[in-house]
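Residue numbers (the numbering used here), protein chains in the order written: chain W, 18 to 286; chain X, 11 to 212.
Be a bit skeptical, because a hint or two may be false.
[Claimed, not checked] Result set (DSBU-like, lysine-lysine): computed pairs, CA atoms no more than 35 Å apart in a straight line:
| no. | chain 1 | residue 1 | chain 2 | residue 2 |
| --- | --- | --- | --- | --- |
| 1 | W | K28 | X | K62 |
| 2 | X | K197 | W | K150 |
| 3 | X | K180 | X | K156 |
| 4 | X | K49 | W | K20 |
| 5 | W | K199 | W | K171 |
| 6 | X | K156 | W | K117 |
| 7 | X | K23 | W | K28 |
| 8 | X | K197 | X | K180 |
Hints were generated in silico from the structure; no laboratory data involved.
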Amino acid sequence: MTKFSESIIGKIKCEHIAPVPRWHFLLKGGVFWTLFGFSMILGSLSFSVIVHIVRSGDFGVCDHLQGNLITSAVMLLPYFWLVFLTLFIIVAYINWKCTKNGYRFRRRWIILVGILLSIIFGIIFYAIGMATKVDNLMTKTIPLYDISKHNARKELWLQPESGLLIGKIIEIDEVEEKIVLKDEEGREWIVADRAVGWEDDDLERKGKIIKVVGKKIGESEFEANEIRRCNDCQDDEDMGEVDEELAKKEASKNTHRNIIIDEEDSREE
Amino acid sequence: MEKEKELNIYAEKTDEQLVALTLKDENFYAILIERYEEKLTRYILRISGGSKEDVEDTLQDVFISAYKNLNDFDPDLKFSSWIYRIAHNKVISHFRKITARPKTVTYEGDGQLLNILASDLDIARDLERKYTGEEVRSILEELDEKYREVLVLKFLEEKDYKEISDILEKPMGTVATLINRAKKQFKEKSLRREAQTLKPRT
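The following block holds chain X by itself, in its conformation from the complex (with noise of 0.2 Å):
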């Protein structure tokens, strides 16, 4: 108990403190899975769309790799960057293996954040509608993965340019192009499934 009252003291500090207490102190480690638990659970879902057995295994897997490696966390970076860098190579190496396309999964409250994303397209004022969640992460399963993976950063996780450049390990300039490239394939694709949907009632 007393323990854990003391953790919570260092709740406050920031995660780039958390982890040279952590090299000191594995304890400390604690206060890291508490903060990034959920947002990695949530990210591993989204682009894996595995099981939640098999989302808690890579979940656990990333927090023992990212403690091996803590000594090479780069204090330049951002540590949320450095800890989806390594869920994002966890998934790949995990998933990747077993299915052969990993399917998008969304939460309840994605519907909003994904509409984000095609109000960003102009998609919805083309179509002078609305798109629905389960509408866009069936989109988003269609894309190519590397389009996929840096609209679920962008518009789902809410990272900028430059954490995804950082968790992707992807220059900047790519990730932009490759943001522009995956929102003209998003808006090819809904447009062409809008086509599809009103040719029956023509």
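Isolated chain W (complex conformation) (with noise of 0.2 Å):
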């Protein structure tokens, strides 16, 4: 033995120095891992939410826009959910730079591969209906992002000189084929849908938010071409946890066909 060594291992025997229990690494390595797939999760889900969003289909009438529109309320929520994503892939990175072989790879492949896993990951969970509940989710929990949502759909949609027309559905008049919308700011406008391609047969209900593309053809009337889903939109069904036979039934009631019914039944009397 040399002097040196000596004196090193007379230090570890004086001190009672031991190595570090082999868990304590794990451990460690364990965290990391753990923060990097959690990260990725939260990416992928960042991801999805942009695809719900631009699948909405506000972009195929963002042309009706007026003035800029990258600093548009409309382009907010996705520029919100790419900082997110941005956010958790360098989260993600400097996650994996701490694993025990993160050293190993280049920076730019690390995040080319964080951003390609967000993708994938992000379209399925698209796929399965988690972007929806991942927005809904954040619109209950927090406030500035559901006035994001407000403002960037009353910045597209309440444009009635424009075409566009958003509100809820509070009367149905299949005699006449009309409906009346309240929009945001508590309007109320007949619109008429004659000959409309609804999007969907179950969007003519009351409670219902649906988003309208026609034309102004009075002070409070509108007349539709197209009415469409309003994706991103939370109407009377979504709000709470509603038992479901409950919203099936009021939802029966007010069909157009037994709103016809109703009013047949109601002369009768």
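Dock chain one against chain two, each of which comes alone in its own frame, and use the hints as you go.
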């Protein structure tokens, strides 16, 4: 033994220095891997919400927007999720770098693979309906997010002069083929829906929020050319965990056929 | 004495086998210390340029830290890469705090190795002469820290790309890029130096 090695061994014995247990390092590695996985899942969910927003159909009518599209509230939501996606990819990158062999890969590859994985899992999450759930959860829990959504919707769809209208169905007149909509500002609109393609028959119910593409024909009158589902809107049925049976009953009351039957019954009485 | 004899029997074991033995009995650690004491002293001195006492303190810290973290040693790595990495990190935390710019110190015999570096760059051929160890050391000192480190590991410690990658915890591609840039910077500085020495003569 050399003098130096003797002094080191002496110090180890004297100060009772012991190797740190293996489980400590395994735990540390596990924490980094978990954080990495968690960031990847959140990043993928962010991407799935971007897909959900883009597929909401709002981007198809963006040319109706006045002003700068970049600074528009409509574009704010995808930006919001893009910031989330970027943030989670950075967190995933940092955690990956902290793993035992993380240093062996170049930054650009780690980030590229992170983005690719987020896209793949994001599409899967979107396909299984996670995006809508996340979007609704954010709307319910984060007031700022809810406000941004409202502003974006209002900016794009509350432009009757440009032929865009959004509102909740408060009345359905099947005979006259008209519906009454209440917009976010509380104004009521009589919308003629003759020969109009409804995106979904299920939309024609009281309490549903719909988007209308058409033209303004009077002070409070509108003629619809197309009626769309508002994918990212929370209408009456979505608010709270309503008993499903009750919701179905309520919904069936509002269908066209039932309204007509109700009207006929009341006339007979 | 008997303990020492017993240790000598184990002297032929590989580093990795000695790590496993050390985890059972700390006395085996002495063999690993003896294997790396001189190499690491040289390495720490080369990259830190600290005093003998500073280097000794750092070296002691390196071995104690390595012992504490023995369970974290990854058998996929060479033990030498792992302990050099610890030494590299200790030097950064010890010396970078007290000295703004560490100096490069060379040992006797480094001159020959430093000339390998110069010849690798074709500088010797360009200048039609051989560099002295002192000249190469002085140019190395002028280099950016990250470049100096890779050149020391490559040409003085004679580590391959994989080992340098494991020591500096950088991807192999980055190590290759750093070495190329380091060589380029070394060449530029040496040519500039040569031009300056020739000026007064003309």
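Going through the hints against the structure:
1. W:K28 <-> X:K62: Given that 35 Å is the threshold and the Cα spacing comes to 20 Å, the pair holds.
2. X:K197 <-> W:K150: violated, 61 Å
3. X:K180 <-> X:K156: holds, 11 Å
4. X:K49 <-> W:K20: At roughly 16 Å apart (the allowed maximum being 35 Å), W:K20 and X:K49 satisfy the hint.
5. W:K199 <-> W:K171: holds, 13 Å
6. X:K156 <-> W:K117: With a Cα-Cα distance of about 22 Å, the restraint between X:K156 and W:K117 holds, given a limit of 35 Å.
7. X:K23 <-> W:K28: With Cα atoms ~24 Å apart, X:K23 and W:K28 stay inside 35 Å; holds.
8. X:K197 <-> X:K180: holds, 24 Å
When each numbered hint is compared with the structure, a violation occurs for hint 2 only.
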